[in-house]
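Protein chains in written order, with numbering that gives the first Met the number 0: chain F, 0 to 198; chain C, 0 to 198.
In case anyone wonders, no lab produced these hints; they're calculated from the structure.
Computed from a prediction, not measured in an experiment: that's the story for all the values here.
Misleading hints may appear alongside valid ones.
You can't tell identical chains apart in this list, so a pair holds if it fits in one copy or across any two.
Unchecked claim - Subject to a maximum C-alpha distance of 25 Å in a straight line, what follows is the list of computed SDA-like cross-link-like pairs (lysine to any residue):
no., residue 1, residue 2
1, K15, E87
2, K161, M188
3, K53, A183
4, K79, L159
5, K125, R34
6, K81, K166
7, K81, D184
So you can see what is in the structure, the chains are spelled out below.
Protein chains: 2
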Amino acid sequence: MPDFAEPLARLIQEVKRLPGIGQKSAQRIAFHILRANREDVDRLATALIDVKEKLGLCIVCNNISDGELCVYCRDPHRDKTKICVIEEPHNLLAIETTRTFEGGYHVLHGSISPLRGVGPEQLRIKELLARLTTNEVQEIILATNPTVEGEATAVYLARLLKPLGIKVTRIAMGIPVGSDLEYADEVTMSKSLENRREM
Amino acid sequence: MPDFAEPLARLIQEVKRLPGIGQKSAQRIAFHILRANREDVDRLATALIDVKEKLGLCIVCNNISDGELCVYCRDPHRDKTKICVIEEPHNLLAIETTRTFEGGYHVLHGSISPLRGVGPEQLRIKELLARLTTNEVQEIILATNPTVEGEATAVYLARLLKPLGIKVTRIAMGIPVGSDLEYADEVTMSKSLENRREM
């Protein structure tokens, strides 16, 4: 490793800890910071601190929020009869970018994983049940990941929620749009066949 | 765009300004920050500010430095008879990682570019000439980029320095090691032929 002046070496080290950033990218970013305006760097540093200082979890859905209620729970235009259950706050992006879902969310903050020692009691499931006491909710869409853990969590929740007389649905798994059957793995392909729909 | 809580949206915006970071990477980094320890985030923010506050330019070679002299100019083991001239401080990395150059550096902070209105007087050339007055320097290696501007700068410096009786060399241009002739562009290929060496 070349000898960097200490503050530069330290910045490279810290930047490298970010996801998706290797040594080369970290160096590139560090040199960019070195050449950048002082005001721009201050804004970035403040934004970093503010995220830690000003954000908490929504008291209703456990999404990230700058107040008691998150933007979705605050929004009177969102359909309160549907709740989409997701594992992590960032999973919300994938759904919101479709612009097709108008309901609310519930963030579990994880998935059931005996291997990692995460059981249902570590997830925000009690909070989800608490939201169902008003009889307002008509459908729960389980949008946990299509992984072993996500699937286990979905199955667990379905068993828990169905006896309450609420419609419980699971997002469809199948061949991605625009891809080629040739590249589909066998599990996805068999899910796709299993979930076939009449045309 | 999904609605992010304001501090999170602002962090994504600021992170996106970094080189090589798009919307997806910025979101990933922002969510990582959200989950990270407060101490880790503080260290990153401090490292950013420190780079701007604590670093300046070496009074000898104009490399980035946390003191009057940079690590290379401070190092008594570096060969003071050779100076490698580079355009930008980060160009130094490419040379240092080879571990084959033991001399000193001189950073021009740019290259001659009539199109961008950069002439020789805007580069740190006077400072380079000042280093040659002691007769200690025996060779100047021109390691400016293999671009039109870098080449123009090298030619300009060679004309300026040769009359002073100093050996002036230019880094070799040719086919990259491990690549395939098939992928070489014609300029590189002709440089490679022109610079051929007897075996």
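So, going through the hints one by one against the coordinates:
1. K15 / E87: both (23 Å within a copy, 22 Å between copies)
2. K161 / M188: neither (28 Å within a copy, 70 Å between copies)
3. K53 / A183: neither (43 Å within a copy, 53 Å between copies)
4. K79 / L159: Answer is within; shortest intra-copy Cα gap is 20 Å, inter-copy 76 Å.
5. K125 / R34: between (50 Å within a copy, 22 Å between copies)
6. K81 / K166: For K81 and K166, only the intra-copy Cα distance (10 Å) is at most 25 Å; the inter-copy one is 77 Å.
7. K81 / D184: neither (32 Å within a copy, 58 Å between copies)
Checked against the numbered hints above, the structure violates hints 2, 3 and 7; every other hint is satisfied.
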